[in-house]
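Residue numbers (the UniProt record's numbering), protein chains in the order written: chain A, 1 to 238; chain B, 1 to 267.
Source of the hints: derived by calculation from the structure; they are not laboratory data. Here a beta-carbon is modelled for each residue, glycine too, at the ideal position from N, C-alpha and C. Warning: the hint list may mix true and false statements.
[Claimed, not checked] Quick look at which bits of chain A chain B covers, simulated, 3 or more residues with Cβ under 8 Å: (1) 75-81; (2) 88-100; (3) 189-203.
[Said to hold, decoys possible] Label-pair restraints from in silico Cβ distances: (4) B/ARG27 to A/PRO28: 44 to 54 Å; (5) B/GLY178 to A/GLN154: 13 to 23 Å; (6) A/ARG16 to B/PHE189: 52 to 62 Å; (7) A/GLY14 to B/VAL22: 50 to 60 Å; (8) B/GLY237 to A/MET84: 34 to 44 Å; (9) B/TRP108 to A/GLY116: 44 to 54 Å; (10) A/ASN38 to B/ILE41: 49 to 59 Å.
So you can see what is in the structure, the chains are spelled out below.
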Amino acid sequence: MTALAIENLSHGFGARRALYDVNLSMEPGSFTVLLGPNGAGKTTLVSLVTGLYSAQQGDIRIFGHSIRRDPLPALASLGVVFQMPTLDLDLTVAQNMAYHGALHGLSRREGMERAGKELARLEVSDRQGDKVRALSGGLRRRVEIARALLHRPQFLIVDEATAGLDVAGRQLLLTHVRSLCREGLSVLWATHMLDEVEPADQLVVLHRGSVRWTGEAREFAPGQTLEAAFLQLTRSPS
Amino acid sequence: MRARRALRALSGIVRREMLRFVGQHGRFAAAVVRPLVWLGIFAVGFRSVLGLSIIPPYQTYILYEVYIVPGLVGMMLLFHGMQSSLSMVYDREVGSMRVLLTAPLPRWWLLGARLLANTITVLPIVYLFLVLARVWDVRPPVLGYAAALPMLVLAGLMLGALGLALSSIIRQLENFAGVMNFVIFPLFFASTALYPLWRLEEVSPMLAVIAWANPFSHAVEMIRFALYLQFEPVAFGMCSLALVVFFGLAVWGYDPGRGFWARRTAE
């Protein structure tokens with residue numbers, strides 16, 4: 001069974017076409033980079049996969065569950081880190097984690113136990129009692145990753161989570177998420193940063209709402225740099 | 001199993017709303033002070049202007065302060081309902097609404113839980129106000145406080161559902177300020193909160209019709225009667241109906257495939 005299957009997906013806002021005939025398939029345990037310039041449609045795609053909007057056309061299945069017809073099991077298997085920060089700034093880290101755990105049906109004790117473990121893995125367990133407002137951007141992102149993993153999802157979507165972080169912060173997040181992938185988690189990593197792509201990654205290049213290239217990243221730019229191949233692909237008219 | 005998950009989510013949402021409300025000291029203080037200003041200044045000033053005859057549920061002539069208290073309780077619920085909706089718009093702008101809406105529970109349940117949480121958070125403040133109102137000799141029977149509880153919950157849910165429905169169609173926080181003026185003031189002033197219906201009929205029959213059709217009037221009357229240990233079936237029915245309509249609109253507005261939420265651009 002595929003972790004994510006997207007078939008003939010199209011969506012628009014008014015007259016503006018945001019996604020057109022997108023097809024995508026992800027194997028369980030794979031790390032897939034959704035690469036595209038700003039405005040390519042990555043966040044719209046994430047919004048549709050997470051069920052925030054219903055696609056006007058096409059189907060999305062997460063581990064076999066259609067997000068339109070059978071959304072609850074699909075959402076239960078999904079962890080999301082949105083591009084926009086989504087923590088409550090005036091609550092503590094622990095309170096934010098407890099809230100997320102409750103939304104996913106965890107008891108308070110279970111939620112706090114798991115929160116302790118996930119935060120420790122990201123080296124932020126000593127900040128549990130602090131209000132999120134007091135944390136730096138990098139620490140907030142780490143807390144968001146820990147929170148997205150609290151209910152032990154099989155599939156993690158990370159939408160431009162490293163934007164605005166320093167090099168060390170980006171490296172830490174990326175290394176952690178890649179290590180989770182080796183433990184069996186499927187990851188869709190949306191980004192516009194080419195240096196976050198590794199040769200063994202599955203790569204999907206999205207441009208102007210359409211998938212322009214898909215395959216193993218090492219095959220994307222034979223004989224030239226990733227940057228040159230990406231610019232060549234995304235400079236071409238739609 | 002699913003029921004247990006749903007109840008845990010409800011409890012988590014209630015806890016979060018209470019933590020947020022208690023943490024917002026300014027809003028917390030305003031919620032108590034606002035009705036006291038109306039009671040201590042406005043009502044005392046208007047006592048001599050607005051003479052009242054004997055009207056149900058009161059069995060004797062009453063002071064204006066006694067009349068206005070249920071209206072001020074309604075005002076507290078109205079302000080709180082609208083401010084909670086404002087926080088929904090804020091949540092959407094800062095992104096935390098996404099956390100709620102991607103939880104693996106039916107959206108109507110999540111919205112209903114949020115609505116109930118908002119109502120529960122304001123109840124202690126309402127009762128604090130009712131206790132303080134005794135200083136102004138507004139002393140309904142002790143059992144009336146208990147009898148009013150289900151009516152306060154219904155009124156709070158109904159007004160919160162109206163705010164929720166509005167929050168689904170408002171794109172930005174800036175727009176919300178305008179809607180507050182177009183919703184809160186007309187609802188409050190064109191109602192029986194400040195003057196009884198017969199008074200309005202004397203002055204403007206048209207305004208009296210509007211006040212009668214105003215669901216906020218029914219919320220106020222339902223609370224007024226319950227405080228004096230009487231049940232007002234018409235007000236109860238109208239409030240229940242309004243709750244169903246407003247909540248239905250809110251669920252429609254937040255539906256991922258329909259309503260206003262679907263027409264929103266990816267933020």
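Now for the hints, and whether the structure bears them out:
1. 75-81: Result for this restraint: holds, n = 4.
2. 88-100: holds (count 8)
3. 189-203: Check failed, 0 qualifying residues.
4. B/ARG27 to A/PRO28: 44 to 54 Å: Given range 44 to 54 Å: holds, Cβ gap about 47 Å.
5. B/GLY178 to A/GLN154: 13 to 23 Å: violated (45 Å)
6. A/ARG16 to B/PHE189: 52 to 62 Å: violated (42 Å)
7. A/GLY14 to B/VAL22: 50 to 60 Å: Given about 41 Å between the Cβ atoms, the range is violated.
8. B/GLY237 to A/MET84: 34 to 44 Å: holds (43 Å)
9. B/TRP108 to A/GLY116: 44 to 54 Å: violated (33 Å)
10. A/ASN38 to B/ILE41: 49 to 59 Å: holds (55 Å)
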